[in-house]
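Residue numbers (numbering that gives the first Met the number 0), protein chains in the order written: chain A, 0 to 489; chain B, 0 to 419.
I should point out that these hints are in silico values taken from the structure, not numbers from a laboratory.
Honestly, I wouldn't trust all of these hints.
Stated by the list, open to error - Straight-line Cα separation of at most 20 Å, SDA-like style, residue types lysine to any residue; simulated pairs:
(1) B:K241 with A:E119
(2) A:K450 with B:R55
(3) B:K83 with A:K253
(4) B:K83 with A:K277
(5) B:K83 with A:E285
(6) A:K277 with B:D221
(7) A:K253 with A:P144
(8) B:K342 with B:P191
(9) B:K342 with B:R385
(10) B:K241 with A:E285
(11) B:K83 with A:D396
(12) B:K83 with A:T408
(13) B:K83 with A:P144
(14) A:K277 with B:T134
(15) B:K93 with B:A325
(16) A:K450 with B:G153
(17) A:K277 with B:R225
Unchecked claim - Beta-carbon label-pair distances, calculated as ranges:
(18) B:E59 with A:R476: 26 to 36 Å
(19) A:E278 with B:E235: 25 to 35 Å
(20) A:E278 with B:A238: 56 to 66 Å
(21) B:P389 with A:R476: 57 to 67 Å
(22) A:V300 with B:L53: 36 to 46 Å
(23) B:E37 with A:G457: 14 to 24 Å
(24) B:K93 with A:V300: 49 to 59 Å
(25) B:A238 with A:N134: 22 to 32 Å
(26) A:S96 with B:F207: 55 to 65 Å
(27) A:E273 with B:S214: 33 to 43 Å
(28) A:E278 with B:S214: 25 to 35 Å
(29) B:L213 with A:T374: 54 to 64 Å
(30) A:R476 with B:P329: 43 to 53 Å
(31) B:R382 with A:E455: 54 to 64 Å
What the hints assert, rightly or not - Calculated from the model, a selection of chain B residues having no Cβ within reach of chain A, i.e. all distances over 10 Å:
(32) F56
(33) R122
(34) R158
(35) G237
(36) R314
Note that beta-carbon positions come from the ideal geometry of N, C-alpha and C, so glycine has one too.
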Amino acid sequence: MSDECYDVAIIGAGATGAAVARRLAAYELRVVLLEKCVDVCFGVSKANSGIIHAGFHHPVTSLKARLEIRGNLMFEQLHHELGFPFKRVGILVAAFSEEEMKTVQRLYQQGMANGVPRLEICSSERMRLLEPKLNPDVVGGLYAPTGGIIEPYRYVFALVENAQRNGVTLKTEFEVAEARHDGDAYTILSRRGDRIRAVRVVNAAGLYADEVSRIFGGEEFKIIPRKGEEFLLERNAAGLPRQVIFPVPGRHTKGILVIPTVEGTMMVGPTATEVEDKEDRATTAEHLEMVFAQAVQMVPVISRREIITSFSGSRPVLEGNDFFIDISKKAPHFIQAAGIQSPGLTASPAVAEYIKDLLKQDGLALVEKSAFDPTLPPVPRVREMSTAQLAAMAAQDPRYGHIACRCETVSEAEIVEAIRRGHATLDGIKFYTRAGMGRCQGGFCTYKVLKIIARETGLPMEAITKRGDGSYVLSHRIAPDMLAGEVGHA
Amino acid sequence: MRERQYDAVVIGGGAAGMAAALRITGAGYATAIVEREEGLGGILMQCIHNGFGLHRFKEELTGPEFAERLIEQVNTSKIDVFLKTTVMEITPDKDSRKLVVCGPDTGVMQLNARAVVLAMGCRERNRGNLGIPGTRPSGIFTAGLAQRLINIEGYVPGRRVVIIGSGDIGLIMARRLHWVGAEVLGVVEILPYPSGITRNIVQCLQDFHIPLYLSHVVTRIDGRDRVEGVEVAPLENGAPDKSRAFPIACDTVLLSVGLIPENELSQHAGVRIGHDTGGPVVDARLMTNLEGVFACGNVLHVHDLVDWVAEEAERCGDGVVAYLEAGAVPMKQGAVTPGANVKYVVPHHYLPGQDAHFSLRALIVKDRAELLVRRAGSVIKRRVLRHVKPAEMIYFKISGEELPPSPAREAPASLEIAVE
Chain A
0 MSDECYDVAI IGAGATGAAV ARRLAAYELR VVLLEKCVDV CFGVSKANSG IIHAGFHHPV
60 TSLKARLEIR GNLMFEQLHH ELGFPFKRVG ILVAAFSEEE MKTVQRLYQQ GMANGVPRLE
120 ICSSERMRLL EPKLNPDVVG GLYAPTGGII EPYRYVFALV ENAQRNGVTL KTEFEVAEAR
180 HDGDAYTILS RRGDRIRAVR VVNAAGLYAD EVSRIFGGEE FKIIPRKGEE FLLERNAAGL
240 PRQVIFPVPG RHTKGILVIP TVEGTMMVGP TATEVEDKED RATTAEHLEM VFAQAVQMVP
300 VISRREIITS FSGSRPVLEG NDFFIDISKK APHFIQAAGI QSPGLTASPA VAEYIKDLLK
360 QDGLALVEKS AFDPTLPPVP RVREMSTAQL AAMAAQDPRY GHIACRCETV SEAEIVEAIR
420 RGHATLDGIK FYTRAGMGRC QGGFCTYKVL KIIARETGLP MEAITKRGDG SYVLSHRIAP
480 DMLAGEVGHA
Chain B
0 MRERQYDAVV IGGGAAGMAA ALRITGAGYA TAIVEREEGL GGILMQCIHN GFGLHRFKEE
60 LTGPEFAERL IEQVNTSKID VFLKTTVMEI TPDKDSRKLV VCGPDTGVMQ LNARAVVLAM
120 GCRERNRGNL GIPGTRPSGI FTAGLAQRLI NIEGYVPGRR VVIIGSGDIG LIMARRLHWV
180 GAEVLGVVEI LPYPSGITRN IVQCLQDFHI PLYLSHVVTR IDGRDRVEGV EVAPLENGAP
240 DKSRAFPIAC DTVLLSVGLI PENELSQHAG VRIGHDTGGP VVDARLMTNL EGVFACGNVL
300 HVHDLVDWVA EEAERCGDGV VAYLEAGAVP MKQGAVTPGA NVKYVVPHHY LPGQDAHFSL
360 RALIVKDRAE LLVRRAGSVI KRRVLRHVKP AEMIYFKISG EELPPSPARE APASLEIAVE
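Bound conformation, chain A alone (with noise of 0.2 Å):
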């Protein structure tokens, strides 16, 4: 039996892969999205920031800034069409001395340069004025009210699903591990020993870019992972800025920002270290003291009492840290799209546009599907519910009266609709409906989502995994004879 055979094959299911996926689904392809994980939007993209970037941290020669600032231009369209929730809530830059002001008019003429609209410089007491909760002593900085924000999960999960329903098909836990072309087409096996064709490639696989690149017999690079750590804080933190605010950035990164969540809670980070291992998750004492000794300095009144949780995930950089998205000169019909780092998340509609063309200029006949939808039924979700709308859901479906989760008010009706969409693992759940993700951090709601993934999976509560792999929940189920209660012991 012959193998599937597609015309485009993307690896990796993050910001990046899933713009390219739908974008080429509004075309008469077969298109195969693969990812290593268990759910998409497992990898870096799950580290997001959320923010989307105006475009004046870089210069106007990097492709970088070109995808940026037509990336940020396209999310007004996308928010309509898919639903994720997206704010245009502005980015300040605060400087704090006039050393830092010098910068400041870099950026602006940068931002310029690069076509940044309605950019402008402000003075201390502007500054003060868009943002009353910063530091008296700024001196001034830099307003782009054209930066916003968004749920980075949400805008993927929206992306892959708007593909799925126009015919993209998407394999989770295929982890490539060998392709050979012979002369036609790849044959692609993953690790798990699973076989697909496809005419055309396109890497786009974040951290692993470089080790994908040298399985196709691509281009050799160096992909070097940039950890950062980041500090979520629970919603109506006091620190809650209105605006996403940047301190003047350093050589390499953008600094420690203090970012209000497009749900309401707040971030403060992310740091920025190079590190070997491209799995290293790990936060450490002296960058949780490092993150709010700067958040601090530019917003007083934020409590580390108020943080929920931390995390970190590693940018995929690449030497010379501009994106590398190109038609391999090595790997016939192979697209790379490496080192896609901040703005990642913000140029990725418009990667997703560049790659379409660079298909095209392939060799890829790119003819449009009539059927092609651009939107997404939205999803109810009872936080967003007015109370005679949630009066309705409830009583036409009475999951919707059951608050699962009460710190992000989430119901067991859209915990049931996630795993449906195949959301299965409480990473999965938590990333698609905020279960588990508020202030309690799931200790509340962890048991009650375990029991509806059993339920609606079949799978033995022992076989439930926190995100795939080795990750299992619970050990076992209590052996009979242990199954006394504790007064016949004491």
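On the provided structure of chain A, position chain B as indicated by the hints.
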């Protein structure tokens, strides 16, 4: 939307909510309890160990047995109980409080009540709140969640366990895990003394030879998919001494590092929260700054014994009854403030001429300490305490005679309560 009228609606059907509701219904007022779980009893239902009720019932009961005594009374009373029902919002008005509630059986409903009792209990402090560094694998649980998984759901979370924090739930869980066949490799406590009560140190750790590392911290959690181990270091001058750090291989980490009153609903309604208790600031009758909204139990401040929760809740119920009969307290109340070595005192006010019950937490560990109540600078009451420590709440009563009214038109002098 359907509407129901009550004199009082109690939010939370645990020990506090039931005890308060029983008191209010006992005075003849129409009362409802709104409980989000499937049954009454609250967290007691998963506390299957014994040691409850020694003060209240003069016998040793398990958590469910203690709860059952209250549940039976609720079931034979006129109290309306809404189970599997979550309060979405409280809107305070001048004359009544409106609560929007929702549940799979009840749908969405509005309950109108002259008085509301907040009795939502508390949540567990988690890893993020502490900023414990390391990776984020599966296998990290708060002790209460692990207790639920074992005692109600029937599953063991892991085989080799390290417990962070020596709070009572953690100690109880050390023994429980041992009994279900898991190996408890140690309890790591940052303080130089245990956070749990002495009885639990002896009966849950010492009796099973489980090591207790005092003045130690977990400096790192390791593991990619599942917990693989922790690094533990002794504290030296308040900072972890990395040179003496040692690893413990384990697959599970339990956290028993304190409780936080669950006041998001209260805060949203406009209830003022005290910094040191994490609960509402209340007057002598346990009424919050919002008229007709009262609070008791662990939502007010974290208790260490359920017996005291129930007792406080009954006083709260009495406060509600007095309010329903005569409205808010007409006379001026005196402030109660923490003095030396005291973290907080609840309630935050007293009524001159009336008996007052106070709960307080010390900030020090000391033998033969003295409790001192000062009013306008002079000591009006002294009591010798055999042993004080932050983990054990101090309760005391001052009679109305000891709190005479101030001269007319003067605000009552404030009380300062110290442990010296």
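Practice prompt. Give me the numbers of the hints this structure contradicts, sorted from smallest to largest.
Written response: Violated hints (numbers, rising): 1, 2, 3, 4, 5, 13, 20, 21, 24, 30, 33 and 34; every other hint is consistent with the structure.
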